[in-house]
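Trainee: If you read the protein sequences in the order shown, they are chains L and C. Sequential numbering of the first sequence, starting at 1, is according to our numbering. Sequential numbering of the second sequence, starting at 1001, is according to our numbering.
The hints are simulated quantities; they were obtained by calculation from the structure and are not laboratory data. Every value quoted in this text rests on a predicted model; they were computed, and no experiment measured them. Backbone N, C-alpha and C define an ideal beta-carbon position, used for all residues, glycine too. Just to be clear, a hint being listed does not mean it is correct.
[Claimed, not checked] Computed far set for chain C versus chain L, every beta-carbon distance over 12 Å:
no. : residue
1   : 1048
2   : 1156
3   : 1161
[Claimed, not checked] In silico lysine to any residue, SDA-like type, Cα no more than 20 Å apart, as pairs:
no. : chain 1 : residue 1 : chain 2 : residue 2
4   : C       : 1025      : C       : 1097
5   : L       : 233       : C       : 1115
6   : L       : 233       : C       : 1174
7   : C       : 1119      : C       : 1210
8   : L       : 167       : C       : 1149
9   : L       : 233       : C       : 1211
10  : C       : 1115      : L       : 210
11  : L       : 233       : C       : 1230
12  : C       : 1109      : L       : 182
Number of protein chains: 2
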Amino acid sequence: MKSQKFKVRFNYMEVCLKPLSTTGKFSKVVQRKCFLPKDHSGKCSEFHFLSHLHTVKSSVSNKIRRDSTHTTGAAWKSSDAGPNRIFRWAMLLSDEELLEYGLDMSALKPGVQLKLREKAADYDSCIEVAIKLTYLTYNMAGAPTPPDEIKNYLEAHHGSFDLGSTKCEICQEPLNFALFNEAKVGRAAIETCHLNPRIHNAQNVGFGHRECNIAQGNKTLEEFYAWIDGILKRASL
Amino acid sequence: MKSQKFKVRFNYMEVCLKPLSTTGKFSKVVQRKCFLPKDHSGKCSEFHFLSHLHTVKSSVSNKIRRDSTHTTGAAWKSSDAGPNRIFRWAMLLSDEELLEYGLDMSALKPGVQLKLREKAADYDSCIEVAIKLTYLTYNMAGAPTPPDEIKNYLEAHHGSFDLGSTKCEICQEPLNFALFNEAKVGRAAIETCHLNPRIHNAQNVGFGHRECNIAQGNKTLEEFYAWIDGILKRASL
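One chain only, chain L, in its complex shape (with noise of 0.2 Å):
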């Protein structure tokens, strides 16, 4: 059973944990639970924390649940170039558990299939992603703001808000709410980045400028800083 691997990591805030039910293709290989403290009253709920941040700015809860639990998409089309957007908890899965949810691993190139591995992420650390970047978000300036619930669920996760206190990861400098709504050809200013491309936990996940994303690539952040460092130097010289 392959949902037992995923242990409980929730240790700094008792949550409910009941298990919920879901359907579709992957709803057999983990089991969705929720994530509202213990206790709580009224239903179970997996992305309550969302629900405020659903009702006045949908898109930025629809891809704050996406980037946490989905790898990206591939930006190339062709029938070698993977799946579009798959659960990150299914990259887990084995080639051979994999085919039996229709997908072929062996039928991709060997970059892609790595590409795709590297997004994989246990369920856990895929909502308490969303849990840091929803925290992320209400931090940043011009944020709307959480009635209380929710802002002491995420500071119980957190620490205190401080509004304005959200930056780029990679540039440093501050991201404000307002970037969400500035797209260039179709894409977002802002997205989910991380330190280290090749872990999706909280610790490792943040909001970025998109050119910064590309700009780092697929090095951590350290790489690139080493490399931009490296650059600088040579072209000064």
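Dock chain C against the given chain L, drawing on the hints supplied.
Mentor: Okay, now just chain C, sitting in the frame of chain L:
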């Protein structure tokens, strides 16, 4: 007659410039010409300086022809994404003229129109770029040796050969000819790059690593250096 605005800039070497008979969609827009030295023997030729490279490594000579004369392809696919590749000089025509050639600019998104227009270059500039790129290619470490006739022609334009002197314009690391063979997910490791992405002429064009070119994005090289300098300063605070 549009072709009159393409003034001849080959004043540092007398070239033949006899008109070549060409066919194809935009053949009436520009009079293509022979760029062999004046009073050459044998047949006229537009890209004679690529003839040797074409026999030893046609993928590279084709790349030089393509990058020097065509816009880059649309990276995304949709009805309003614009043409995949088009002659750069076609982008000097008015919207009305382009409509006669079956390209309805007004059907493209403003951002796509702007991007295409930024790729515009006159015919002579494109040939100058091809000559420059050929020169840079032969000066990469590991490059094949051209026949004297081609070497002399290229040196008349850009000075004495200095094998190993060709560097990535962006990161300033030497570029090896073997890099043309390396491809990541179907893309070449070496790209044609622009010190200013909106100017396509010999002075402004060179080769760069794909990852460097992506990082530079639509900034000028000067803007890029200033940008990464700012990042490093903020990151080390």
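Trainee: Which numbered hints does this structure break?
Mentor: Per hint list: 5 and 8 violated.
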